[in-house]
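Take any residue in the sequence shown, count from 1 to its spot, add 81: that is its number in this note's numbering.
Worth flagging that the hints you see were computed from the coordinates, not collected in a lab. All figures in this text were calculated on a predicted structure; none of them were measured in a lab. Careful, some of the hints might be misleading.
[As the list claims (entries may be wrong)] The list that follows gives simulated cross-link-like pairs (lysine-lysine, DSS-like), each with its CA atoms no further than 25 Å apart:
1. Lys230 x Lys205
2. Lys205 x Lys146
3. Lys146 x Lys230
4. Lys120 x Lys130
5. Lys230 x Lys120
6. Lys118 x Lys230
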Amino acid sequence: MASERPLLDLGFEYRPAVPATLEAIHFECEQFCNLAKAKLPTSVPDRWKLEFDTALLEICANIIKHAFADSPQQGTMELHLRLYSNRVEVEITDDGAYFDEEASRAETSPGPDTDLLESGRGLKVARALLDTLRYRRSQESTNNWLLVKMLP
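Produce the complete structure using the sequences and hints provided.
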């Protein structure tokens with residue numbers, strides 16, 4: 082995948098000057114989504130766009146809620162979108178707190194009461210809507226997310 086040249090390469094950086102709120106990041110990510118969706122082929126169905134939008138916003142909301150919980154004024158989040166002939170990739174990098182993916186999976190694993198939980202659904206929803214969702218913590222202490230959704 083890495084050697085293929087994208088049809089579109091679009092970057093966005095979010096550096097909150099005031100405490101980051103879900104509303105503020107939702108607005109910024111929504112603008113990013115709208116710009117990205119405008120570049121998609123017209124043949125892409127609205128349902129696909131909604132799924133892409135939902136998954137991206139869920140991950141962004143989780144970053145603000147969890148990675149920047151201790152210092153919302155200090156955080157930086159970068160979004161980078163690449164459009165290929167068969168897929169859309171979004172890389173998100175933030176300098177917030179470490180995300181324990183294994184603990185998160187355990188907390189949101191299927192069980193009789195998990196469908197009623199108010200929190201813990203964001204990653205589950207994003208995983209269901211995307212073809213690939215990967216997380217890693219870099220040596221530079223940044224969180225790196227890769228979201229991939231294949232085009233129909």
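Evaluation of the provided hints:
no.: 1; hint: Lys230 x Lys205; result: holds (15 Å)
no.: 2; hint: Lys205 x Lys146; result: holds (16 Å)
no.: 3; hint: Lys146 x Lys230; result: holds (24 Å)
no.: 4; hint: Lys120 x Lys130; result: holds (11 Å)
no.: 5; hint: Lys230 x Lys120; result: holds (15 Å)
no.: 6; hint: Lys118 x Lys230; result: holds (13 Å)
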